[in-house]
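Q: Here's the letter readout for the chains.
2 protein chains.
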Amino acid sequence: MMSLNRIPENPIITIDDVKPSRPDTEVICAFNSAAAQVGDETVLLIRVAEKFINDDANVLSVPVYEPVDGVYQMVRKDLNVPELKAAGYNFDDPRVVEAPSARDGLAVVYLSSLSHLRVARSKDGIHFDIEEKPFIEPTTEYEAWGCEDPRLTYLDGIYYINYTAVSPLGVATMLATTKDFVTYEKHGLIFAPENRNVCFFPRKVNGKYLAFNRPAPEGIGTPNIWLAESNDMLHWGNQKFFYSVQKDGWETGRIGGGFHPIETEKGWLFIYHAADISNRYCLGAFLLDKNDPLKIIAKSEKPILEPELEYETAGFFGGVVFTCGGYLQDDMLYVYYGVADENMALATIKLDDLFAELGV
Amino acid sequence: MMSLNRIPENPIITIDDVKPSRPDTEVICAFNSAAAQVGDETVLLIRVAEKFINDDANVLSVPVYEPVDGVYQMVRKDLNVPELKAAGYNFDDPRVVEAPSARDGLAVVYLSSLSHLRVARSKDGIHFDIEEKPFIEPTTEYEAWGCEDPRLTYLDGIYYINYTAVSPLGVATMLATTKDFVTYEKHGLIFAPENRNVCFFPRKVNGKYLAFNRPAPEGIGTPNIWLAESNDMLHWGNQKFFYSVQKDGWETGRIGGGFHPIETEKGWLFIYHAADISNRYCLGAFLLDKNDPLKIIAKSEKPILEPELEYETAGFFGGVVFTCGGYLQDDMLYVYYGVADENMALATIKLDDLFAELGV
Chain A
-6 MMSLNRIPEN PIITIDDVKP SRPDTEVICA FNSAAAQVGD ETVLLIRVAE
44 KFINDDANVL SVPVYEPVDG VYQMVRKDLN VPELKAAGYN FDDPRVVEAP
94 SARDGLAVVY LSSLSHLRVA RSKDGIHFDI EEKPFIEPTT EYEAWGCEDP
144 RLTYLDGIYY INYTAVSPLG VATMLATTKD FVTYEKHGLI FAPENRNVCF
194 FPRKVNGKYL AFNRPAPEGI GTPNIWLAES NDMLHWGNQK FFYSVQKDGW
244 ETGRIGGGFH PIETEKGWLF IYHAADISNR YCLGAFLLDK NDPLKIIAKS
294 EKPILEPELE YETAGFFGGV VFTCGGYLQD DMLYVYYGVA DENMALATIK
344 LDDLFAELGV
Chain B
-6 MMSLNRIPEN PIITIDDVKP SRPDTEVICA FNSAAAQVGD ETVLLIRVAE
44 KFINDDANVL SVPVYEPVDG VYQMVRKDLN VPELKAAGYN FDDPRVVEAP
94 SARDGLAVVY LSSLSHLRVA RSKDGIHFDI EEKPFIEPTT EYEAWGCEDP
144 RLTYLDGIYY INYTAVSPLG VATMLATTKD FVTYEKHGLI FAPENRNVCF
194 FPRKVNGKYL AFNRPAPEGI GTPNIWLAES NDMLHWGNQK FFYSVQKDGW
244 ETGRIGGGFH PIETEKGWLF IYHAADISNR YCLGAFLLDK NDPLKIIAKS
294 EKPILEPELE YETAGFFGGV VFTCGGYLQD DMLYVYYGVA DENMALATIK
344 LDDLFAELGV
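Protein sequences, first through last, are from chains A and B. Here the first sequence is numbered in this note's numbering, starting from -6 and rising by one per residue. Here the second sequence is numbered in this note's numbering, starting from -6 and rising by one per residue.
Chain A on its own, in the form it takes in the complex (with noise of 0.2 Å):
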């Protein structure tokens, strides 16, 4: 079966081309990026994982952004583990801290690394000059752990950016615009916890702006696709349900969009992830109505991209495939993938062959 074809440079952004934003910090991921296409340029905004810098092993210094001085910075947390085991803290996810919770048997109070936000530009979509400071850092109590998994959709002649608000009172959905990629504003949480994975159309279709999004509920139901309506980008309702995590498979355990849907001759491409029950994480597509796109027209039966090579197996979390960002230049889709949860890697296919595997 036809997928997407990797390039020969893979990995194009590793951690060591990342510069940490600060001495005492280094760099463990520099993955999940969403992408545009900004003049001539590739303008990926990568995700980069910090933590601070630490060699005594009892000792796990977990970061946290709190204001000091009434800015947001990170601060630096200094935990004696083999004290906090002890207590019954759990340390099995090397990417969360966990503590003994009445209400939830175990619940995560720290994560071990936190995400800001980074602009990385490039003539050729392969080859990035990465900046040395954050683009977009946690600034509000709902980024407290981080900004994470940002995508980037051109629309009204203005970059929206929406990213993963990562806090101890959930994970949400914030919304961020830019003109040149050098400043930016917020406009708060669009989407309450737990919504993430949200993939605005990059136009409005029957006079409404859309929105998937994939909030998780507690009980009832699983973590599905959802879509939202909106006047305004700011505001968001008439929420209608779209694609459930499947019972047998490869997306019995999560899915989520990856990038804003891409307009097309036969309909609206969208490329999304979904991970099976032991978190593998592949890539899917849909192809959608052009006018009513909870119409699925068709949709790849198997993952169009599966964590297979080195550098997608091994690594920070191993076995994924996670896209945010990507974008159709000359008839062949571009799509900029975060692997392993460590580094950034591209892979392409002809929008031809891409239909030809679809049926369409």
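Keep in mind that the hints were calculated from the coordinates and are not lab data. Each hint should be verified, as a subset may be incorrect.
No copy labels: a pair is met if it fits in one copy or bridges any two.
Cross-link-like lysine-lysine pairs, in silico, DSSO-like; alpha carbons within 30 Å at most [stated by the list, open to error]:
| no. | residue 1 | residue 2 |
| --- | --- | --- |
| 1 | Lys126 | Lys233 |
| 2 | Lys179 | Lys201 |
| 3 | Lys126 | Lys283 |
| 4 | Lys233 | Lys288 |
| 5 | Lys233 | Lys201 |
| 6 | Lys233 | Lys283 |
| 7 | Lys197 | Lys233 |
| 8 | Lys116 | Lys172 |
| 9 | Lys197 | Lys179 |
| 10 | Lys259 | Lys12 |
| 11 | Lys240 | Lys70 |
| 12 | Lys70 | Lys233 |
| 13 | Lys240 | Lys78 |
| 14 | Lys116 | Lys292 |
| 15 | Lys233 | Lys179 |
| 16 | Lys295 | Lys283 |
| 17 | Lys288 | Lys179 |
| 18 | Lys201 | Lys172 |
| 19 | Lys240 | Lys259 |
Fit chain B to the known structure of chain A by using the hints.
A: Structure of chain B alone, referenced to chain A:
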């Protein structure tokens, strides 16, 4: 400590007062009613839960709203209980049927009863004439498992009705409007799963409509109360955190808004519910700043009502007092509340007494 005063007529509505909507069902709960003063009457929207009559102990007849000839109707599914138990199904919770799920261990696949909303009218606020037919019933896939826990808010000359739309897709919030409690219009889901206990403010504050809402995240965070804003009541954004589940005391399990905040000279009075991790549901009160309702002026340290009397401690799901409706009349606060997830009761308090309890 001063608290709400139960009226001697309690419970004011029981399941025996409510006629089933069809000959083959029985009413098992008539509770969690919205309330409003309409002219010289008190109108309640009662949540009426019905189940199919079936005396065969080996068969559980569960209901589902499904389209039959294009019209949503309550359809009966006969489950062979011993057979399903052998297959790993769980019938321990009388409210739900759970089936084995590779993703979730056990997942709810049926509710044992389904709810619709019924209008009741009263001249004295205590004795109600209950309509014989449902007012609002499921008509969408988002309500396949019922319409629950309504709230009523009079705003701009219209009664806004929001209620919990329950289906296998999750627990979301539906918006409807009525002018006469005879006809109504549904406006779609304003919040995706999981989100309930939505309480609209009865007027714009600083130029925006406001809604407390209670999302419940699957992962990080607890089911907390948030405040969203809107320009049109249909599309909501700028979600801000208001109040969280607490680590100790009577608010450790779940919290959520009761009904629309009431404007008083001292600020917004906002009645809410909280449960501990044993699912004992109590009521509490906030006093909020008039111009910045996220600012808590005062809060009841202890419940203003807790399940104590037999009609509150014993029933379909005992140990629950839960309000979805109330109003202020002549400086007396009327709080209609569901008891033991089965019947309706009423408690009142003079506003000055409640202020005294709140220390304001």
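Q: All the hints need checking, so say for each whether the structure fits it.
A: For each hint, the structure was consulted:
In the homo-oligomer, the alpha carbons of Lys126 and Lys233 lie at most 30 Å apart only across protomers (29 Å), although the nearest pairing inside one protomer, at 39 Å, exceeds that limit. In this homomeric assembly, Lys179 and Lys201 come within 30 Å of each other (Cα to Cα) both inside a single copy, at 22 Å, and across copies, at 19 Å. For the identical chains of this complex, Lys126 and Lys283 are neighbours neither inside a copy (40 Å) nor across copies (41 Å), given an alpha-carbon limit of 30 Å. In the homo-oligomer, the alpha carbons of Lys233 and Lys288 lie at most 30 Å apart inside one protomer (12 Å), although the nearest pairing across protomers, at 33 Å, exceeds that limit.
In the homo-oligomer, the alpha carbons of Lys233 and Lys201 lie at most 30 Å apart both inside one protomer (14 Å) and across protomers (24 Å), since each shortest distance falls under that limit. For the identical chains of this complex, Lys233 and Lys283 are intra-copy neighbours only, at 17 Å inside a copy versus 34 Å across copies, given an alpha-carbon limit of 30 Å. Taking the closest pair of Cα atoms, Lys197 and Lys233 come within 30 Å of each other both inside a single copy (16 Å) and across two copies (27 Å). With identical chains, the CA atoms of Lys116 and Lys172 are at most 30 Å apart within one copy only, with a shortest distance of 19 Å there and 60 Å across copies.
Both within a single protomer and between protomers do Lys197 and Lys179 lie at most 30 Å apart by alpha-carbon distance, with minima of 22 Å and 23 Å respectively. For a Cα distance limit of 30 Å, the shortest separation of Lys259 from Lys12 qualifies neither inside one copy, at 42 Å, nor across copies, at 53 Å. When the C-alpha separation of Lys240 and Lys70 is checked against a cutoff of 30 Å, the pair qualifies only between copies, where the shortest distance is 21 Å, while the shortest distance within a copy is 41 Å. Only between protomers do Lys70 and Lys233 lie at most 30 Å apart by alpha-carbon distance; the minimum there is 26 Å, versus 42 Å within a single protomer.
Taking identical chains as interchangeable, the C-alpha atoms of Lys240 and Lys78 lie at most 30 Å apart only when they sit on different chains, with a minimum of 20 Å there against 36 Å within one chain. For the identical chains of this complex, Lys116 and Lys292 are neighbours neither inside a copy (32 Å) nor across copies (58 Å), given an alpha-carbon limit of 30 Å. For a Cα distance limit of 30 Å, the shortest separation of Lys233 from Lys179 qualifies both inside one copy, at 26 Å, and across copies, at 14 Å. With identical chains, the CA atoms of Lys295 and Lys283 are at most 30 Å apart within one copy only, with a shortest distance of 23 Å there and 55 Å across copies.
For the identical chains of this complex, Lys288 and Lys179 are inter-copy neighbours only, at 22 Å across copies versus 33 Å inside a copy, given an alpha-carbon limit of 30 Å. For the homomeric pair Lys201 and Lys172, the shortest alpha-carbon distances inside one copy (22 Å) and between copies (27 Å) are both at most 30 Å. When the C-alpha separation of Lys240 and Lys259 is checked against a cutoff of 30 Å, the pair qualifies only within one copy, where the shortest distance is 29 Å, while the shortest distance between copies is 53 Å.
Violated hints, in rising order: 3, 10 and 14; the structure is consistent with all others.
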